[in-house]
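Chemist: Kindly generate the complete structure, drawing on both the sequences and the hints.
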Amino acid sequence: MKGYWKKMLEIDLTTGDIEEKELSEKILRKYLGGAGLTTKIIYDELDPKVDPLDPENVLVLAPGLLLGLKIPTASKTAFGFKAPQTGGYGKTIVGAKAGAQLKKAGYDALVVKGKADQPSMIVIEDDEVKIEEAEELWGLDTRETDERIKEKYEGFATAVIGPAGEKLSKIAMIECEDRQAGKGGGGAVMGSKELKAIAIKGTKKIPVADEKKLKELNSKWRKITTGKGETADESFSPEDQIEYGTGEALAAKNKVLGCFPTKNWQAGYFKRAYDRLEDEDDYLQLNPRYWTAVYRDGRRPCPYCTKPCSQYFVAEDTPYGDIAVDGPEYETQYSLGGACEIDDIEAVAKGNEICDKLGLDTISAGVAIAWAMEAYEKGLIESYLDLEFGNAKAMLESLRKMAHKEGELGELLGDGVQEAAKKVGQGSEKFAIHVKGMPPAGFEVRGVRGMALAFAVAPRGADHLTSCLYALEMANEYWDFKDYDRQELEGKAFALKAMEDLMMLYDMTGVCKFSRGLMVDKGLLELVNAVTGLDMGIDEFLTVGERAYNVSKAFNLKNGFTREDDRLPDRFFKDKILYGPTKGETLSRRKFEKELDRYYDIRGWDEEGIPMKTTLTKLGLQDMADEIGSMKEKNST
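Using my numbering, the first residue of the sequence shown is number 1, and each one after it goes up by one.
Please keep in mind that the hints were generated in silico from the structure rather than gathered at the bench. Computed from a prediction, not measured in an experiment: that's the story for all the values here. Glycine included, C-beta positions come from ideal geometry on N, C-alpha and C. One or more hints might be untrue.
The list that follows gives simulated cross-link-like pairs (lysine-lysine, BS3-like), each with its CA atoms no further than 27 angstroms apart [as the list claims (entries may be wrong)]:
| # | residue 1 | residue 2 |
| --- | --- | --- |
| 1 | LYS115 | LYS558 |
| 2 | LYS130 | LYS204 |
| 3 | LYS115 | LYS130 |
| 4 | LYS130 | LYS152 |
| 5 | LYS576 | LYS422 |
| 6 | LYS574 | LYS558 |
| 7 | LYS357 | LYS378 |
Listed next, with one range per pair, are the computed distances between beta-carbon atoms [said to hold, decoys possible]:
| # | residue 1 | residue 2 | range |
| --- | --- | --- | --- |
| 8 | GLU135 | ASP626 | 42 to 52 angstroms |
| 9 | LYS7 | GLU136 | 57 to 67 angstroms |
| 10 | GLU133 | ASP485 | 52 to 62 angstroms |
| 11 | LYS7 | THR586 | 48 to 58 angstroms |
| 12 | TYR283 | THR226 | 18 to 28 angstroms |
| 13 | ASN476 | THR318 | 39 to 49 angstroms |
Modeler: Right, dumping it as structure tokens:
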């Protein structure tokens, strides 16, 4: 089997031991790479009793199978760990140069264990691997850290943490050169290990089974992803996404779909911002159709991206100082903008920059501040800051306090919305918007109802990219699914299960999900077969995604999660949307529970969400079947 080195690098920071371990062809065929390997490794390595911030937690870095081969949009690397933010399955995907460099250095995965006795850095250059003291980097922000490392190690790719990771913020992310491994608290895992940075450089040629075929496929997909040539899909036009990034449909999400979360998820339409416009056809400041023309200073795309959504934002002498940041992407437009009712793009971009430099996940940070604004409005918390909705300066100062866990406000919000609501109580939990501790992405579920189920069941907590079901919800069709009504919850379980399995394959191969409408399943498979030399059929390929998804679920079950964790905030069931196209809408708890039952049944799980022994056995997971598999009789729905 080609495409692999069949090697995993394991580093123990406690002992200083560095060891190469073999990865069998059987494991690689079953899990491919990327999130497949990280999921398998953390399941095997971690005892349920391990606290996410204990030295016994592991940090796994695994590049997608197709990285380092100049395949269009194949840039994604997976980080895996037990997540501080949720206490469960940790997976975060990032378009990181470090992943491709690890692959070129001769490794299919990196596993970091233990805890150093002082701030440290891992340096990998092909076969030379070392642990260095990094005391001089501790306290620096992510950009300063990257710059210092590159002064000494020119040409190396990096993965670093900022002050938030050092302070063990449960919403701290890992910064990978303008790309963020954001969800779950991976930055805190690094900080708990006294690991400030990883620097990697590889020069080896990755073995490929059929180089001629791969060259042909790369040419084909380069034409399709750029919308050029006879082979291009005539229905696909990448221009808007390239020109405006992930927020290109922001106006439609507000004015047509009513699914842009605003005012801590009290509405799906940014009324405050639209009320300020002189003409209803004008663009909001948050809309990249407005701000790219004013502030964009080029693009800094992920490696091998042929349809870059990156927009580098530069502004000088603003009320918030100079700004230079990649983004803000749609999720930051929502979390630091709509959720906090801030329609000042310079403030949102500055908040994005603060998060990137100090090491906070923008979604988690913004939703925590939005919760604090509502708690402040209701008189449940006090603050020296005026935490009214729409106060940009208060939002920016809150971010700085959170990253450093400084003062009462920083301590309150520094671990995210779930922890903050637990501390305050007084009913504040009812408007703390999260699932399993993870705040959702910017899709109001009372406007795109299938996402209610998608958020609830995602193993890493409320997450849009586990399934990308929103692509089907908003367009009414995707892949083999057609005529899906976004305003209906019933009947979404089958599509959700299929799309979760497919999107896991994207996370395993490392191809960006913004190519999902082009490559779908067969396009991915032809690349996998060309690189590896496998003659894998489509049924086996989709089973690979289903297997890894079941392992991620099993990880949570082993760590004490139950059906009660596949739930949504009360707000979605009890509170009507305040205004906009979805005004007055709520979710039906009865319909939600019925569709959850149906989803479990389609997955081959019992009514408590535990995979049946027969399901796990069929997927080649016999050991897991013996450990957590259910023997209950299933009631078909």
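Chemist: Run through the hints listed earlier and report the numbers of any the structure violates, in increasing order.
Modeler: Violated hints (numbers, rising): 6, 7, 9; every other hint is consistent with the structure.
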